[in-house]
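Participant: The chain contents come next:
There are 6 protein chains.
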Amino acid sequence: MLLEMKEFFVQDAARFENCTVTTYFVLSSMQVREKKQGGQYLALIVSDRTESLEARMWDDVADPIAYCSEGCYVKVQGDISKYQGKYQITLKKLRLAADSEIDPTDFQPATKFDVEEMWAELRGYVSAFQNSDLRRLVFSFLDDERIGPAFKSAPAAKRLHHAWLGGLLEHVVTLVRVCLAAAPFYPEVDRDLLVTGAILHDIGKVRELEWNSSFSYTLEGQMVGHISIAQGMLREKVKEIAPFPEKLTLLVEHMILSHHGKYEFGSPKLPMTPEAILLSALDDLEAKMQALRNEFAAAEAVGKGPDEVTEWVRSMDRALLDSKKFLKGD
Amino acid sequence: MLLEMKEFFVQDAARFENCTVTTYFVLSSMQVREKKQGGQYLALIVSDRTESLEARMWDDVADPIAYCSEGCYVKVQGDISKYQGKYQITLKKLRLAADSEIDPTDFQPATKFDVEEMWAELRGYVSAFQNSDLRRLVFSFLDDERIGPAFKSAPAAKRLHHAWLGGLLEHVVTLVRVCLAAAPFYPEVDRDLLVTGAILHDIGKVRELEWNSSFSYTLEGQMVGHISIAQGMLREKVKEIAPFPEKLTLLVEHMILSHHGKYEFGSPKLPMTPEAILLSALDDLEAKMQALRNEFAAAEAVGKGPDEVTEWVRSMDRALLDSKKFLKGD
Amino acid sequence: MLLEMKEFFVQDAARFENCTVTTYFVLSSMQVREKKQGGQYLALIVSDRTESLEARMWDDVADPIAYCSEGCYVKVQGDISKYQGKYQITLKKLRLAADSEIDPTDFQPATKFDVEEMWAELRGYVSAFQNSDLRRLVFSFLDDERIGPAFKSAPAAKRLHHAWLGGLLEHVVTLVRVCLAAAPFYPEVDRDLLVTGAILHDIGKVRELEWNSSFSYTLEGQMVGHISIAQGMLREKVKEIAPFPEKLTLLVEHMILSHHGKYEFGSPKLPMTPEAILLSALDDLEAKMQALRNEFAAAEAVGKGPDEVTEWVRSMDRALLDSKKFLKGD
Amino acid sequence: MLLEMKEFFVQDAARFENCTVTTYFVLSSMQVREKKQGGQYLALIVSDRTESLEARMWDDVADPIAYCSEGCYVKVQGDISKYQGKYQITLKKLRLAADSEIDPTDFQPATKFDVEEMWAELRGYVSAFQNSDLRRLVFSFLDDERIGPAFKSAPAAKRLHHAWLGGLLEHVVTLVRVCLAAAPFYPEVDRDLLVTGAILHDIGKVRELEWNSSFSYTLEGQMVGHISIAQGMLREKVKEIAPFPEKLTLLVEHMILSHHGKYEFGSPKLPMTPEAILLSALDDLEAKMQALRNEFAAAEAVGKGPDEVTEWVRSMDRALLDSKKFLKGD
Amino acid sequence: MLLEMKEFFVQDAARFENCTVTTYFVLSSMQVREKKQGGQYLALIVSDRTESLEARMWDDVADPIAYCSEGCYVKVQGDISKYQGKYQITLKKLRLAADSEIDPTDFQPATKFDVEEMWAELRGYVSAFQNSDLRRLVFSFLDDERIGPAFKSAPAAKRLHHAWLGGLLEHVVTLVRVCLAAAPFYPEVDRDLLVTGAILHDIGKVRELEWNSSFSYTLEGQMVGHISIAQGMLREKVKEIAPFPEKLTLLVEHMILSHHGKYEFGSPKLPMTPEAILLSALDDLEAKMQALRNEFAAAEAVGKGPDEVTEWVRSMDRALLDSKKFLKGD
Amino acid sequence: MLLEMKEFFVQDAARFENCTVTTYFVLSSMQVREKKQGGQYLALIVSDRTESLEARMWDDVADPIAYCSEGCYVKVQGDISKYQGKYQITLKKLRLAADSEIDPTDFQPATKFDVEEMWAELRGYVSAFQNSDLRRLVFSFLDDERIGPAFKSAPAAKRLHHAWLGGLLEHVVTLVRVCLAAAPFYPEVDRDLLVTGAILHDIGKVRELEWNSSFSYTLEGQMVGHISIAQGMLREKVKEIAPFPEKLTLLVEHMILSHHGKYEFGSPKLPMTPEAILLSALDDLEAKMQALRNEFAAAEAVGKGPDEVTEWVRSMDRALLDSKKFLKGD
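Chains as they are written, first to last, in my numbering: chain Z, 1 to 330; chain B, 1 to 330; chain R, 1 to 330; chain U, 1 to 330; chain A, 1 to 330; chain S, 1 to 330.
No lab work stands behind these hints, which were simulated from the structure alone.
Do not take every clue at face value.
Because identical chains cannot be distinguished in the list, a pair is counted as satisfied if it fits within a single copy or across any two copies.
[To be verified] Here are the computed lysine to aspartate or glutamate pairs in the DMTMM-like style, where the Cα-Cα straight-line distance is at most 25 Å: (1) K75 to D144; (2) K6 to E54; (3) K239 to E145; (4) K6 to D106; (5) K247 to E295; (6) K239 to D307; (7) K75 to D99; (8) K86 to E17; (9) K328 to E220; (10) K158 to E308; (11) K86 to E7.
Work out the full structure, taking the sequences as your base and the hints as a guide.
Facilitator: Below, the structure written as structure tokens:
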């Protein structure tokens with residue numbers, strides 16, 4: 001049985017046991033090893049958005065060694081089998097895939113929400129701004145062709161919360177919704193300013209992260225960081241759309257710089273305005289709630305019972321309990 | 001011109017300059033000093049809910065010295081005058097006031113909201129619970145005559161946020177409202193459980209604080225603290241209304257113990273459930289926003305301009321800026 | 001050679017090399033693996049109070065897979081052999097053991113002191129109290145059938161100091177002795193109050209820990225913690241034996257809440273009374289001295305010389321030196 | 001005896017005891033008080049770059065109250081006298097001074113080095129750069145008329161090290177010298193890049209601070225901070241002088257963002273390159289050595305002996321000892 | 001009524017109201033002020049071991065100004081009176097006291113225990129050592145005429161615990177007693193080694209502190225500290241009494257270096273041996289218990305009730321409660 | 001092909017693939033294992049200053065087991081081969097090497113600079129001292145035959161910066177050079193005193209470390225530490241060369257005690273003099289720059305590109321970038 005392009009995903013390996021499949025993968029790891037009888041073979045890990053798979057290639061490895069490397073997209077043909085309870089694939093053919101053959105969303109985890117719908121919702125919030133300067137400012141970001149498309153596809157992190165394609169947009173849309181729900185209880189808060197902060201606070205992530213075949217930090221991300229990248233982007237936009245009120249610049253800049261809420265998290269300033277304080281608190285809450293969602297799913301996956309806490313979550317220095325599942329019992 | 005009982009408040013001193021007033025005060029400070037020419041006089045500070053006032057009493061001080069002390073309610077007669085730009089009162093008469101003469105709300109700052117309305121709103125939320133066990137639990141607190149009335153009059157703190165009569169209730173009602181607004185965005189959260197936590201998390205303050213003529217900590221407050229007091233109250237209530245589900249007990253207990261969110265703030269546990277995490281974050285936000293409101297009012301009072309930050313706020317380790325006032329300018 | 005019930009312990013494996021043994025174990029780990037030639041086999045770790053042992057079972061694994069799981073007591077028959085310098089057992093039979101066949105003390109490390117003697121000593125201290133209220137309070141715990149027997153068998157921790165059956169009692173008795181030796185030097189200290197604190201400070205561990213076939217934290221232990229559990233138990237006992245002096249309640253409650261001595265160790269209050277300060281210091285000393293004893297034994301076991309420090313002790317952030325052994329030399 | 005304009009400085013008060021002087025001051029503090037006999041008088045503190053002086057004005061205070069306020073330059077006529085060991089001035093005339101009458105350097109402490117000489121030295125270093133891009137970048141700052149003149153007059157801080165006019169330039173020139181002396185020992189370091197960092201690292205202070213009649217933080221300084229201000233300035237300059245190599249932009253940006261060396265000092269990144277590490281270390285050393293110079297002078301001023309340490313220096317958490325003076329003895 | 005030498009102590013001022021006294025004081029503070037009518041007078045604070053007293057000297061101040069300064073012993077004659085409820089003395093005569101006139105113990109607080117008895121007790125412990133090397137080592141300190149007498153008179157601190165003459169000896173004797181009481185419970189502990197550590201751990205204080213007319217730090221104390229001073233003394237003694245076993249040197253040195261138990265308290269090493277751990281814990285306990293004693297006395301002195309906690313104790317970050325007094329009630 | 005003594009180094013293994021070599025190694029690790037067919041074999045790691053190598057010995061292992069152990073020098077004969085891409089050696093002969101056969105510098109990494117030249121340079125600096133007391137003091141260390149030779153061969157650390165033979169001298173010489181370059185900019189600094197501190201600050205490392213066949217800490221190093229060892233050495237030297245000025249002793253002692261600059265790094269005092277502050281800053285800089293050099297080399301070795309940061313450097317809590325290589329590009 002021969003498959004056509006990327007109809008096969010790793011998570012379906014069981015259905016193809018002992019079949020030959022032809023498909024595309026990311027080459028996540030590639031080691032050249034010596035055969036005992038002489039000559040070389042390849043020990044590989046190949047991946048798509050659903051999972052990873054061990055692979056071996058015993059013959060004709062000269063071309064793959066010459067042309068392929070970790071992080072590449074490849075086209076392969078091979079046999080699926082099961083060894084010590086785990087599936088693997090023995091490759092017969094392996095070549096670099098052309099860009100035209102690849103749909104990146106096949107290879108990376110992606111948001112389960114509709115990107116265009118979220119994008120429209122976000123633009124809708126901005127259109128509704130009463131403050132035309134802020135409206136103009138935010139649209140200058142969203143309409144920028146170096147920023148808008150990146151904003152729609154970027155993950156929100158390399159790992160931890162929202163680490164998937166579209167994760168940044170998903171994080172921002174959810175945050176805006178919560179901000180809008182909470183704002184009415186705090187009359188000190190300027191609604192348009194708050195939403196501006198919620199939309200722009202993480203905009204530097206479009207340059208802090210790379211999300212080609214995998215998620216990683218750019219050099220600029222490591223040496224400047226998304227907070228200062230965003231601040232630089234703001235300064236440039238403000239020049240582009242001049243004249244723009246200085247007071248608004250200052251307040252938006254302050255929200256960006258202070259949104260992590262603590263010096264040791266890389267914020268050079270602590271939140272000093274009502275909007276900055278509210279934004280920082282709800283952004284932190286969003287991140288924690290998403291982390292909790294991930295941990296509950298992981299606990300479910302390894303078969304934890306309703307009375308059991310999750311594994312220790314190092315970033316939160318505690319384990320977690322899914323209280324709804326606990327109350328419902330088995 | 002002679003006033004009747006507590007029609008005079010310190011904030012109105014200007015209108016009574018050079019008048020004689022008869023009224024009631026709390027004796028905030030009382031020192032017996034030697035006159036240069038021999039004999040004793042009293043240097044006092046008297047207060048009501050609006051402000052404090054310097055007082056001197058030159059004659060007939062034997063009885064006041066014998067019967068009055070700091071923290072007492074007193075009835076006085078004296079002359080209002082102005083000295084070096086500040087008002088003061090020279091007392092001619094001073095005696096202890098009877099309890100029957102005193103309305104404590106005249107002497108302590110109080111919430112500007114209607115206590116009964118807030119109370120009804122709070123009870124309304126509980127009546128709407130779908131979980132009848134939690135409804136039963138919360139009402140067992142609200143209907144307890146050692147708790148309900150105290151809950152309605154307690155301040156939320158000795159100083160800092162909501163440090164006024166009815167402040168605890170005001171804080172709790174606001175917190176419940178924000179919780180209800182935020183909960184729909186987090187499907188992991190059990191709404192009734194969250195609101196139960198919001199209502200009970202600070203219930204220990206009815207025993208941690210005293211609010212007779214001034215606000216102070218009880219000995220139990222200092223040695224046990226409102227978190228552990230509340231946990232003890234919960235344990236007792238659960239026994240009273242037995243049988244009560246153990247799982248709910250555990251989850252409510254955990255919300256109480258963890259709501260400060262950090263060990264160094266006296267929480268023996270970090271929040272581990274969705275409800276505990278949400279409650280802790282919004283409680284902290286509420287406190288910060290109220291602190292900010294106080295600081296903006298204080299800055300206004302000392303005549304700070306719209307471009308000026310407040311005084312340094314030690315508890316937040318920063319100064320604050322009233323962004324709305326700043327945007328509006330002079 | 002066939003053994004009868006639990007005459008075989010893992011530490012004696014060398015004496016039974018190449019023998020067949022029939023005995024009982026705890027199933028510490030159980031993995032189902034694929035044989036190369038098809039079919040499944042079991043890779044297991046089995047344990048008793050002395051040590052753990054690798055086990056393999058190659059045939060008839062269907063029933064064990066269906067009925068046994070990690071943490072169970074099992075009865076086995078198998079052959080002891082040595083592989084790469086380590087002993088292992090190849091199982092021929094494996095079935096769940098009945099409760100009636102098991103003496104839990106065969107499977108868990110236990111105190112080397114006589115539990116009943118320690119218990120009698122502890123009761124003796126309480127009988128000697130001059131303060132009859134405190135005597136009544138402590139006996140209400142010791143005589144409670146949900147508490148007393150648990151107190152006698154509980155470990156003091158999941159790992160680290162006194163992590164064995166009877167460890168809690170052993171820790172408490174030693175602590176009381178040191179308290180009684182130190183108290184005379186501090187006339188500010190009420191002796192009965194101090195001993196009450198020493199006996200009750202860790203009482204919450206009877207619900208924080210589980211010690212069936214292995215030691216672990218209960219859900220209540222993880223979400224409430226032994227400090228707050230103990231405080232709840234105290235509140236309930238005080239109600240049961242009412243009337244009980246409020247002042248004593250407050251002082252005992254404070255000792256329990258503050259005994260860890262630091263916020264970051266989960267104490268919601270710092271020790272404020274002479275008894276609480278003394279108790280907290282000696283409790284910490286006891287734990288450190290026991291940790292040191294464990295580390296010296298471990299160093300001895302791996303053949304460290306008298307001039308060598310132990311392995312790095314992470315919980316104490318240092319290595320240790322057995323000074324007596326060092327002075328004596330080889 | 002009548003003086004002409006600003007020939008009188010506070011430090012010379014002793015020579016003018018019981019004389020009438022006419023001169024200019026900054027009004028550092030101004031309080032309107034009630035005279036016992038009715039009417040108002042002024043209690044003032046007036047200052048120039050040498051020191052402060054208590055002042056009283058008893059008559060004709062209506063105009064001063066209407067027109068003068070704290071921070072203004074004023075022209076005064078008054079009598080110098082000595083009261084309880086301290087000099088003071090009793091004012092007969094007081095009016096606002098015109099800008100044209102004022103030389104600001106009379107009123108603020110200033111560097112004792114020649115500003116133009118330091119400026120020329122600094123430009124000399126840049127002219128000598130081998131890297132023409134960096135030369136172009138730094139001159140684009142120095143030649144900018146909104147930046148260059150401010151750079152020459154700005155203090156380096158509100159208080160603590162180099163808190164005087166020209167202090168920023170003095171700090172930068174000294175730092176460049178030490179950088180040039182140390183660089184040869186570290187072949188990993190790019191000399192031009194290092195000097196660029198030394199010149200630009202604090203450039204944001206020209207907008208973080210105000211130094212009109214006194215030194216204070218601007219609102220931008222408080223809400224954005226000199227590190228992020230400098231980064232914004234860099235981004236704008238790079239656009240202005242485009243094309244400019246991206247790699248250099250990144251390295252300079254990183255030096256600016258990381259130069260405080262610790263998150264808690266407001267650096268959003270830690271130094272990652274040889275130049276950033278060297279710059280951060282020497283900048284910190286410079287600041288400490290200047291602080292030490294100030295403390296030695298202060299100790300000298302209050303008559304401390306050669307064997308005595310200075311007052312406790314809170315910012316360094318220690319007292320200091322002038323070792324040279326100590327070795328020399330009395 | 002004229003008194004003879006130092007029969008008058010400040011604490012007895014009430015009995016001498018309106019009397020003339022002739023006595024000796026330490027000059028704790030001395031200010032020369034201008035009289036309104038011209039000329040100078042002296043505003044002084046004079047002290048003895050019981051308390052301090054305000055003093056004024058209106059005439060004949062030229063000689064005192066020339067010859068006396070803060071920290072000197074002086075002989076005075078003056079009149080005791082009461083002003084605004086506080087006693088003061090108006091001096092008629094004031095001159096420097098000769099050393100021969102002064103018994104320093106009249107001017108500094110001193111231990112209430114018998115120094116010679118404590119000294120004999122301490123020597124007794126050492127005589128009983130089974131380890132003759134340690135006996136020889138400790139006696140080499142006690143018998144050293146630059147150390148022994150200083151040990152008997154030194155305070156244990158400038159302020160806080162045992163800040164009085166003989167305080168070091170008192171602290172050490174108490175610590176040895178508690179060590180001897182606790183050691184039997186820890187068989188890992190070498191008794192002689194532990195007592196050696198208890199006697200020598202603070203020996204560096206004889207050079208860290210000065211206790212002439214007041215308590216202060218020496219320059220060596222500030223720049224080297226008593227821990228490192230003691231280590232240097234130990235190294236020198238070991239040379240003097242050579243040969244001395246290296247192993248004992250190492251263990252005693254380690255106890256000295258580690259006895260503060262934390263890096264941030266100036267210990268360059270953490271306690272690694274049973275003796276060092278026990279010593280460090282009991283030394284800390286001793287200091288806390290003495291601090292508590294001081295605070296209870298201070299609370300008593302200002303009239304706090306049995307239900308009231310002490311003032312906030314900054315060094316312990318908490319308030320304290322005298323539990324025995326609390327239980328007894330009024 | 002047979003090699004003679006230590007012409008073979010592990011880094012040259014490729015050239016000797018499939019050859020028999022006879023050479024010397026350090027035995028870094030030695031395990032006795034069971035052969036499947038019965039009998040024992042040895043699994044070893046052998047090393048020299050260039051690298052480590054896996055070794056197996058299948059026969060005649062009785063003598064090696066009896067006489068050799070980890071850390072010994074051994075003479076071996078064996079065959080070099082390649083397995084799974086890595087070289088290994090199969091031993092035919094293995095015996096203990098005699099001291100006379102061994103040149104330790106063949107087995108440990110060593111400075112690439114000429115030790116005698118560095119030593120002469122260092123002595124030259126001291127000869128040039130103007131302060132003859134300090135000259136005398138430093139030479140008393142350098143000329144001491146228990147110190148001088150050790151100073152020339154000691155590593156500066158067990159691992160991290162300058163962890164090779166001669167590393168201590170290399171570190172000290174470089175530090176002195178930088179000190180001399182920086183000192184002229186700080187007129188407060190006494191040049192001779194500073195250089196004395198630079199030479200002596202780490203002198204305790206000659207007793208803190210052992211560098212026989214590998215680098216490790218001595219027991220004294222672990223329990224006393226190089227700071228306090230150095231202080232003891234200073235005290236002894238000062239006695240030896242008495243009379244020596246007390247003031248200089250104090251200042252040198254203070255530099256030694258404070259040079260780590262932070263309590264948590266084991267410095268019992270913070271730097272208080274200009275020399276101590278400068279020394280501490282430049283010592284820290286030297287260590288960081290050397291760490292950076294190591295990391296750049298490691299990154300080069302694993303083939304990192306010019307745009308890539310190094311691995312995470314735990315001791316510095318960051319990754320690093322080689323800016324020169326980055327600017328130059330590929």
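Participant: Each hint should be assessed against the structure and marked as holding or not.
Facilitator: A quick look at each hint next to the structure:
1. K75 to D144: neither (35 Å within a copy, 57 Å between copies)
2. K6 to E54: Classified as within; 17 Å inside a copy, 43 Å across copies.
3. K239 to E145: both (17 Å within a copy, 19 Å between copies)
4. K6 to D106: within (8 Å within a copy, 57 Å between copies)
5. K247 to E295: between (42 Å within a copy, 21 Å between copies)
6. K239 to D307: between (57 Å within a copy, 23 Å between copies)
7. K75 to D99: For K75 and D99, the Cα distance is within 25 Å only inside one copy (11 Å; across copies 58 Å).
8. K86 to E17: For K86 and E17, the Cα distance is within 25 Å only inside one copy (11 Å; across copies 34 Å).
9. K328 to E220: between (47 Å within a copy, 17 Å between copies)
10. K158 to E308: Intra 28 Å, inter 17 Å, cutoff 25 Å: inter-copy only.
11. K86 to E7: within (21 Å within a copy, 39 Å between copies)
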